[in-house]
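**Student:** Sequence:
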Amino acid sequence: MLLMVVSSFAIAQEPEFYGSMDFSLADASTPYATKSHKQGTTIESYATIGIKGGYDISAQRRIIYKLSVSLSNPSVENEKSPLKAHNTYLGIDDPLGTILVGRNNTVFKNSEGNVDVFNGTNADINNLVAGQSRTGDSIWYFSPRFGDVLEFSSTYLMTDNNQHDVEHPQAQYAITSTLGDKNFRKQNYYFSTAYNKGISNVDAYRGVAQLQIGAFTLGTLFQHTKSLQENENSRKGNSHFYNLMFCYNRINFKAEYATDTAGLGYYFKNATKNKNHHSNSTDHNNAFSQIKMKQFTIGADHMLMASTQIYGHYVQYKGHYLDASTPVTLKTDNIFTIGMEHVF
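In my numbering, the protein residues as written are 856 to 1199.
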């Protein structure tokens, strides 16, 4: 296989050991957004560990690899299987682009850039939007940066993983174009457009924009999502995110407002699985309509050193919908969180 052919002149580099640990204390009104899946005061935690590296096989070409695992909420007592597969791939980096094979975030997920200002917490955008997928058995292509500003990328998931139509599997893929620099090192702007076909049983498209003006950073994300799950009756809707960051004396102050009418994110799905929820329909997911979710978050983070930050935020979730013809209002969920993240 091409990706596994290494020239006898290959120069191996020492593998780089890396990882991160994130521990926080959260107090939540409901269990729908917490990593511990519990309400009240809980410890939320997340950790990853891995190795990555490469082999130079010519002046402009190299083999690259990454092997990592995650520990999902390792602080929870009696957790049965905290160890899970994380980004793990083998690839080749070439002037014509980069190809990866294995498990990784889809380019649709990556298209968010850094607009998810509360990424990895109980205020993550995946609580409202679907398609934030990490897939295995997939192939990625990343183009070179044209003019040091424009890039294209794609993910192709092998058809044997099709969950929507097992007997007649169709192509599942995602494509993305990005303009600018998500880290604001070369440009003070970042724009992306992305399309997801079938991966995670949704068809979706999104647009992302983020702009840095002095100490201020403004961001927005729009996504339209349609479910391919039979029990969700092709449910579809739109999600909007608007956020603002202000940096002062190494402290990032952040605020975000979001709405969703699709009900395909983690929060709505968790809320409607509540054992206390009584539906008027045998297949109650089919009966949901006129979904309206709202999310409001304020918070701040402070870098103690290059590898360690402390953070805190407050997030509120509110929502209502029709179950058949019956109006249902979700309990207002208030979550207070304070935590620390260390990267090594």
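It should be emphasised that the hints constitute simulated quantities derived from the structure, not laboratory data.
Don't be surprised by glycine CBs; every beta carbon is placed ideally from N, CA and C.
It is possible that part of the hints are untrue.
Said to hold, decoys possible - With beta-carbon atoms standing in for the labels, derived distance ranges: (1) 949 / 1121: 36 to 44 Å; (2) 950 / 1191: 46 to 54 Å; (3) 1110 / 907: 30 to 38 Å; (4) 1003 / 945: 36 to 44 Å; (5) 924 / 1026: 28 to 36 Å; (6) 924 / 1106: 40 to 48 Å; (7) 949 / 1002: 17 to 25 Å.
Stated by the list, open to error - In the DSS-like style, the derived pairs of lysine-lysine whose C-alpha atoms are separated by at most 25 Å in a straight line are: (8) 1091 / 1037; (9) 1081 / 1173; (10) 893 / 1147; (11) 1128 / 893; (12) 893 / 1124.
**Student:** Straight-line Cα separation of residue 1128 and residue 893 no greater than 25 Å?
**Tutor:** holds, 14 Å
**Student:** For the pair supplied as a hint, residue 893 and residue 1147, confirm whether the alpha-carbon distance does not exceed 25 Å.
**Tutor:** holds, 23 Å
**Student:** Please work out if residue 1081 and residue 1173 have their alpha carbons no farther apart than 25 Å.
**Tutor:** holds, 22 Å
**Student:** Can the suggested window of 36 to 44 Å be confirmed for the beta-carbon pair residue 1003 and residue 945?
**Tutor:** violated, 27 Å
**Student:** If I claimed the Cβ atoms of residue 924 and residue 1026 lie 28 to 36 Å apart, would that claim hold in this structure?
**Tutor:** Holds - the Cβ-Cβ distance for residue 924 and residue 1026, about 29 Å, lies within 28 to 36 Å.
**Student:** Does the Cβ-Cβ separation between residue 950 and residue 1191 fall within 46 to 54 Å?
**Tutor:** holds, 50 Å
**Student:** That 36 to 44 Å hint for residue 949 and residue 1121 (C-beta), does it hold up?
**Tutor:** holds, 37 Å
**Student:** Assuming the hint says 17 to 25 Å, is it satisfied by the Cβ distance from residue 949 to residue 1002 or not?
**Tutor:** For residue 1002 against residue 949, whose Cβ atoms are near 19 Å apart, the range 17 to 25 Å holds.
**Student:** For the pair we were handed, residue 893 and residue 1124, check the Cα-Cα distance against 25 Å.
**Tutor:** OK: residue 893 and residue 1124 at ~15 Å, within 25 Å.
**Student:** Can the suggested window of 40 to 48 Å be confirmed for the beta-carbon pair residue 924 and residue 1106?
**Tutor:** violated, 33 Å
**Student:** Within a Cα-Cα threshold of 25 Å, do residue 1091 and residue 1037 meet the stated pairing?
**Tutor:** Violated: residue 1091 and residue 1037 sit about 29 Å apart, past 25 Å.
**Student:** Holds or violated: the 30 to 38 Å window for the beta-carbon distance between residue 1110 and residue 907?
**Tutor:** Check passed, 34 Å falls within 30 to 38 Å.
Figure legend: structure checked against the earlier numbered hints; hints not met, in rising order: 4, 6 and 8.
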